[in-house]
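Note that the sequence shown covers residues -22 to -1, 1 to 285 in mature numbering (1 follows the signal peptide of the UniProt record, and there is no 0).
None of these hints come from the bench; they were simulated from the model. Predicted model, so just to flag it, every value in this text is computed and none were measured. Please note that a few of the clues may not be correct.
What the hints assert, rightly or not - Computed spacing ranges between beta-carbons, pair by pair:
1) Ala236 / Glu115: 43 to 51 Å
2) Ser95 / Ala50: 35 to 43 Å
3) Asn78 / Gln238: 47 to 55 Å
4) Asp212 / Ser54: 25 to 33 Å
5) Glu133 / Ser51: 47 to 55 Å
6) Ala73 / Pro111: 18 to 26 Å
7) Ala109 / Gln232: 31 to 39 Å
8) Ser89 / Ser54: 22 to 30 Å
9) Gly237 / Asn79: 52 to 60 Å
10) Asn281 / Gln232: 26 to 34 Å
11) Pro93 / Ser51: 41 to 49 Å
Glycine included, every Cβ here is placed at the ideal spot set by N, Cα and C.
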Amino acid sequence: MRALIPTLVAAICLLALPFAQAGKVYRWVDAHGVAHYGDHAPATATAPRAHVRVSNVADASDPSPIAVLRRASSGSGIQAIAENRLAGPVEVRLAFSRDNNMRADPDLPVSTTVPASRRSVIAYLEALDPAQPGDFELTMDAVPGDPRARPQDVEYLLPLRMRGWHIEQGFGGSFSHDDEQNRYAIDLAAPIGTPVLAARDGVVMQVESDFARAGLDRERYAGRANLIRILHDDGTMAMYAHLKAEGVLVRLGQRVQAGQVIGLSGNTGFTSGPHLHFSVQANRGMRLESIRFRMRGPQGPLNLGGI
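Please construct the entire structure, taking both the sequences and the accompanying hints into account.
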């Protein structure tokens, strides 16, 4: 039997934000000379509409796969095994991209949830006619989280330790908060190196900390932001993104408390300037969806704007 199984997972690209042309976009320059873009203008700045110029500088780094596909011989066939690289559940979908004289048990495509940091046998593959050669290719998609999650109505804490913060893009922001994963997200303007706090208790599920560049070329920079993903007890996940290089101060599997410093803000990935991107997401069955949330700041409940 000739078997060809790629080991690279087709993982969901985090923060894969489409470039939006419509809507009102503001541009302003802060006291450090850094240009910012968003759908909210700061009260202290004159912020006219701006046309965003796209950067063409590449970052050679690639995001780490959240799961990988393995194989192991078993009797006259092969086991297809999913290895979860995260400290939280990952849903995977296994399918044939090509098959000749092959059968799978269970039938493909098939989806299942792999527990944190575990390996699971997804399917057993063998030739339909053992007397004839068989060959195949498999693809596997992976999405963070358990589709059985049931979000609870929780008030989150402001995830920054600083004075003078403001929301530069809120719910449904026309600049980049117009897709399913980011519709209910906020961007908090923050100088590079600002302490980032856990907004809710949870377990560190995923980290990326090796990216150093930023730009407005979605194809080059989407998925290339330093981030922390924290899993909550109800199965939802908070995303803290665009952290500085080596700005992750927690480790996979670590339990954190609300208000604990977990990282340092930065300007990495698909971004127009230094800020913290925060969202709460849930797996809705092989797709990530941002969910509406409430947040409290030092002066009380926050208006997160938008839709």
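Please write out, lowest number first, the hints stated earlier that are contradicted by the structure.
Violated: hints 2, 4, 7 and 11.
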